[in-house]
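*Asks:* Produce the entire structure from the sequences given, and follow the hints as far as they go.
Sequences listed follow chains A and B, in order.
Reminder that position 167 of the first sequence reads as 167 in this note's numbering, one-by-one numbering, no gaps.
Reminder that position 355 of the second sequence reads as 1355 in this note's numbering, one-by-one numbering, no gaps.
I should point out that these hints are in silico values taken from the structure, not numbers from a laboratory.
Careful, some of the hints might be misleading.
Claimed, not checked - For lysine to any residue, the following SDA-like pairs were computed, each having C-alpha atoms within a straight-line distance of at most 25 Å:
{"id": "1", "chain 1": "A", "residue 1": "K117", "chain 2": "A", "residue 2": "T161"}
{"id": "2", "chain 1": "B", "residue 1": "K1427", "chain 2": "A", "residue 2": "L116"}
{"id": "3", "chain 1": "B", "residue 1": "K1374", "chain 2": "B", "residue 2": "E1360"}
{"id": "4", "chain 1": "A", "residue 1": "K39", "chain 2": "B", "residue 2": "H1161"}
{"id": "5", "chain 1": "B", "residue 1": "K1255", "chain 2": "B", "residue 2": "V1298"}
{"id": "6", "chain 1": "A", "residue 1": "K89", "chain 2": "A", "residue 2": "G121"}
{"id": "7", "chain 1": "A", "residue 1": "K39", "chain 2": "B", "residue 2": "E1134"}
{"id": "8", "chain 1": "A", "residue 1": "K119", "chain 2": "B", "residue 2": "V1298"}
{"id": "9", "chain 1": "A", "residue 1": "K117", "chain 2": "B", "residue 2": "G1274"}
{"id": "10", "chain 1": "A", "residue 1": "K164", "chain 2": "B", "residue 2": "A1424"}
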Amino acid sequence: MPNREPGSPGAVKDLPAEGVQRFDAELFPILRRYPEDRKASAMLPALRIGEHVFGYLSPPVMALAADRLGVSPARAQEVATFYVMFNTKPVGRHVVEICTNVSCCLTGADRIFRALKQKLGVENGGTTADGLITLREVECLGSCGTAPAMLVDEEMIEQLTLQKVEKILGSLG
Amino acid sequence: MSETLILTPRWGTKDSHTLASYRRDGGYAALAKALAMAPSAIVDEVKASNLRGRGGAGFACGLKWTFLPKDVRPRYLTVNADESEPGTFKDRYIIEYDPHMLLEGIAIACYANDIHTAYIYIRGEFKRQAEILEVAIAEEYQAGILGPRLLGKLDFALDVHVHRGAGAYICGEESALLESLEGKKGYPRLKPPFPAVIGLYGKPTIINNVETIANVPWIVQHGGAAFAALGVGKSGGTRLFCVSGHVNRPGVYEKPVHYNLKRLIMEDCGGVLGGRQVKAVIPGGSSAPVLTGDEIDVSMEFDALKAVGTMAGSGGVIVMDDSTCMVRALSRISKFYADESCGQCTPCREGTPWMEGLLERIEHGLGVPGDVDKLAQMANNIGGQTICALGDAAAMPVQSFVKKFRAEFERHVTERRCPFGDHAWGKNQETREAVIGGVTAQV
Ligand SMILES: Cc1cc2nc3c(=O)[nH]c(=O)nc-3n(C[C@H](O)[C@H](O)[C@H](O)COP(=O)(O)O)c2cc1C
Ligand code: FES
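*Replies:* Shown next as structure tokens:
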């Protein structure tokens, strides 16, 4: 693992300075959770913060995270693409993730997901033409007792029916 | 006889997640007691309790703790709150309803094992639960429970941190979890060495499931023997069973570890919706081999379920009624393992999508004679051939579904269609009210 000093030239040149400041302000307190020489442990928090601040994990955002943690940009990219919650491509204003694993399908998730695809006119992973909603099928969310379940912008919503889902999507602006 | 509840008695009571309410109900008495004991005496109580890991493998908790090498420091505790095994939804409620019980368990485990830093690795999708933990931890620092002097008394520093994952089932596997905590992708490590010897940052590390650790305060307070007495044989205590699928009252039920599976489904959960028959039950999360409706009159204790060819796993009981298509169900399970294979080992990386594809083909009436045998053969070539147990977890459902419902698979091939048509997921697919630790779920 290459050990680099943060602040290497070029790491932040493609990003707005205000965003970089916010990124640093959120990241630095979290670094204290890990041993001094293990800053790379904060890779998942760093990428999460990067995505919140800049919208998605573009190569410069990944490079920024890598820079602050003293690892190579390739390492940040490897991690960003491994975990499904990270978006390395732009997504819609809202991300709707519906679980289609067994317990959810036994209580209707398959039907709901199919109806949603049709209603929104997208395939799995697609974004509506107006850029409002990205729809995604995901694996078990740990809400199988209160199935079906989905995440809307990372908030868990349970005991879904098609009507309930349509109402929630209708309220997204 | 009134049932003893260890984990759920406070669920649903007002403000149960706050430190004030935990203290009012006697919280932190166990830690105070522990701090007056020799650390080794605590480990002995946990050993005597027959507490077995609730994360999936059922490994004896006290024994695991004794694997730490005597003279290497620092040591770490990582608490596994990844809870990603399909059908499992219990750790989240411990965190939602009683986070301080978990934190007290962590404090005792750390004191007993001379550990000064603990990480709770929580799956990324549990954002709210991670926030609840952060608040609970902050409360404890403020109250002087965590920090430089444990419980404000002892000259023993303890820091507890939350580390949120980002969506990867494999990171529930203990060595992948450590890689992820080190800021890498979740590739499981070759074992041995086991994490107790070489774990986080190359240091001795204990990894336990949330539920496992949450039992520790009760064990310290009531003694290991009392915990052991609640169970049977080499398994002590109660367990959180998560029941989902086609039952009338799905939810989380705290029962003795050896509780009867049929009784849980038919009595506690009120049987199957619309009075239909139970066709299949997955007793321990989606990795566990399936049981037919005729096979469920069994104890759910680890060794008892092993004896009937399946496993207690994570306590996730998935119930399917007689209108459910077994090919559809298995094909979705196989898709899960194909999606979640980390890609490190060839048999799993290549084999899981093959199985998924073949199952899709059969389900859609495009299977050809010989496909069912081919499927079983593929599963046999993955099981036991990989670094971590995900390969086995992918193989076991395939092997068991094919063995127990073979005729149904063959019928898909000969009829060139799914005989269940539009309702392969069953005739009663609507959501239903859930009972979480005795309380109706509020969603
Ligand atoms: C693919 C895979 C996924 C796993 N997922 C989890 C999980 O989500 N939560 C958990 O506690 N254990 C999980 N485990 C088990 C852990 O590897 C480990 O055995 C457990 O956390 C140890 O804690 P325990 O002894 O208290 O059960 C998983 C194992 C495998 C192979
Ligand atoms: S199967 Fe959907 S939340 Fe578990």
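*Asks:* Indicate, hint by hint, whether the structure satisfies it.
*Replies:* Against the structure, the hints come out as follows:
Between K117 of chain A and T161 of chain A the CA atoms are separated by roughly 15 Å; this keeps the pair inside 25 Å, and the hint holds. Between K1427 of chain B and L116 of chain A the CA atoms are separated by roughly 21 Å; this keeps the pair inside 25 Å, and the hint holds. Distance hint between K1374 of chain B and E1360 of chain B is fulfilled; the C-alpha atoms sit about 14 Å from each other, no more than 25 Å. Restraint check: the Cα-Cα separation between K39 of chain A and H1161 of chain B comes to about 14 Å, which is no more than 25 Å; the hinted pair holds.
For the proposed pair K1255 of chain B and V1298 of chain B, the alpha carbon gap of about 14 Å is at most 25 Å, so the pair holds. Our distance criterion of 25 Å between C-alpha atoms is met by K89 of chain A and G121 of chain A, whose separation comes to about 20 Å. This hinted pair checks out: K39 of chain A and E1134 of chain B have alpha carbons roughly 20 Å apart, not beyond 25 Å. With a C-alpha separation of about 45 Å, the suggested pairing of K119 of chain A with V1298 of chain B is violated against the 25 Å cut-off.
Of the pairs offered as hints, the one joining K117 of chain A and G1274 of chain B is violated, with about 30 Å between alpha carbons and a cut-off of 25 Å exceeded. Distance hint between K164 of chain A and A1424 of chain B is fulfilled; the C-alpha atoms sit about 23 Å from each other, no more than 25 Å.
Against the hints set out earlier in the document, violations occur for numbers 8, 9.
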